[in-house]
Amino acid sequence: MTTDIGKKKNTLKKTPRQKAWSVLKTVLLYGLIFAVVYTAINWWRQPVMPANPQLQLTDYQGQMVDLAALSDEKPTLVYFWGTWCPVCRVTSPTIDKLAAQNNYPIVTVAIKSGSDQELRRYLTEHNYSFTTVNDQEGRIFADWQGQVTPSYVILNEGEMSQGLTGVQPLWSLKLRLWLSSIF
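According to the UniProt record's numbering, the sequence shown is numbered sequentially starting from 1.
Among these hints, one or two may not hold up.
Claimed, not checked - Label pairs and their computed distance ranges (CB to CB): (1) P93 - L12: 29 to 35 Å; (2) V27 - E125: 19 to 25 Å; (3) A40 - T124: 18 to 24 Å; (4) V36 - V90: 22 to 28 Å; (5) R45 - L24: 46 to 52 Å; (6) W43 - A20: 30 to 36 Å.
As the list claims (entries may be wrong) - Derived lysine to any residue pairs resembling SDA-like cross-links, with alpha carbons at most 20 Å apart: (7) K97 - P53; (8) K74 - F183; (9) K74 - V87; (10) K74 - E159; (11) K74 - W43; (12) K25 - I41; (13) K97 - E125; (14) K13 - V23; (15) K97 - V167; (16) K112 - V65; (17) K97 - S172; (18) K174 - T94.
None of these hints come from the bench; they were simulated from the model.
We put the beta carbon where it would ideally sit given N, CA and C, even for glycine.
Work the whole structure out from these sequences, hints included.
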């Protein structure tokens with residue numbers, strides 16, 4: 001009888017391969033759940049294009065920025081951020097790199113980030129060279145029903161093709177801009 005019990009115990013033990021497969025399935029399942037929840041939250045929090053959006057803006061230096069004209073040529077990334085936003089301190093260097101590559105137009109909207117002079121100081125201090133509109137009262141962001149910073153909108157031919165929020169890696173933004181140019 002003891003030999004039968006010993007045999008049953010041996011058959012219940014998992015091999016290293018079975019253990020690895022079990023761990024992989026668990027990781028994939030939790031990864032899938034995370035991706036679904038993250039996508040749903042991102043979709044819910046993303047900016048929404050107003051019915052009559054103001055696409056002709058003036059940057060903090062007094063230069064006109066025509067988002068409609070820019071997005072007619074190539075998909076254009078609009079990045080909503082604030083100098084006060086801790087997450088934006090992580091994402092803004094990525095936006096600056098993307099803008100420096102000159103593959104796609106990048107326009108940023110600094111929300112409630114002080115006067116033009118304060119914004120200029122901040123941009124200079126951080127060596128950011130991206131085009132920036134100063135949304136001192138947050139009206140532009142409110143028109144887009146923005147909820148969180150950072151938020152991103154990709155415009156193509158004057159229409160919003162994508163909206164997203166949170167930390168976005170450089171490769172993701174490049175991929176999204178490229179996809180917007182195709183579809």
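Okay, the hints, checked on the actual structure:
Taking 29 to 35 Å as the suggested C-beta distance range, the pair P93 and L12 does not conform, at roughly 53 Å. Taken as a hint, the range 19 to 25 Å is violated for the pair V27 and E125, whose Cβ atoms sit roughly 41 Å apart. In this structure the supplied range 18 to 24 Å is violated for A40 paired with T124, their Cβ-Cβ distance being about 39 Å. At roughly 24 Å, the beta carbons of V36 and V90 sit within the given window of 22 to 28 Å.
Hint check: R45 to L24, Cβ distance near 31 Å, so the stated range 46 to 52 Å is violated. For W43 and A20, the Cβ-Cβ distance of about 34 Å falls inside the hinted range of 30 to 36 Å, so the restraint holds. In summary, the hint linking K97 to P53 is not supported, as the alpha carbons are separated by about 27 Å, beyond the 20 Å threshold. For the proposed pair K74 and F183, the alpha carbon gap of about 12 Å is at most 20 Å, so the pair holds.
Between K74 and V87 the alpha-carbon distance is near 27 Å, which puts this suggested pair outside the 20 Å criterion. With a C-alpha separation of about 12 Å, the suggested pair K74 and E159 falls inside the 20 Å cut-off, and the hint holds. Taking the CA atoms of K74 and W43, the gap is about 24 Å. The hint is violated against a cut of 20 Å. Between K25 and I41 the alpha-carbon distance is near 24 Å, which puts this suggested pair outside the 20 Å criterion.
Between K97 and E125 the alpha-carbon distance is near 16 Å, which keeps this suggested pair within the 20 Å criterion. Of the pairs offered as hints, the one joining K13 and V23 holds, with about 15 Å between alpha carbons and a cut-off of 20 Å not exceeded. At most 20 Å may separate the alpha-carbon atoms for a hinted pair to count; K97 and V167 meet this at roughly 15 Å. With a C-alpha separation of about 19 Å, the suggested pair K112 and V65 falls inside the 20 Å cut-off, and the hint holds.
A threshold of 20 Å between alpha carbons decides the hint, and for K97 with S172 the separation of about 13 Å falls inside it, so the pair holds. Restraint check for K174 and T94: satisfied, since their Cα atoms lie roughly 11 Å apart, inside the 20 Å limit.
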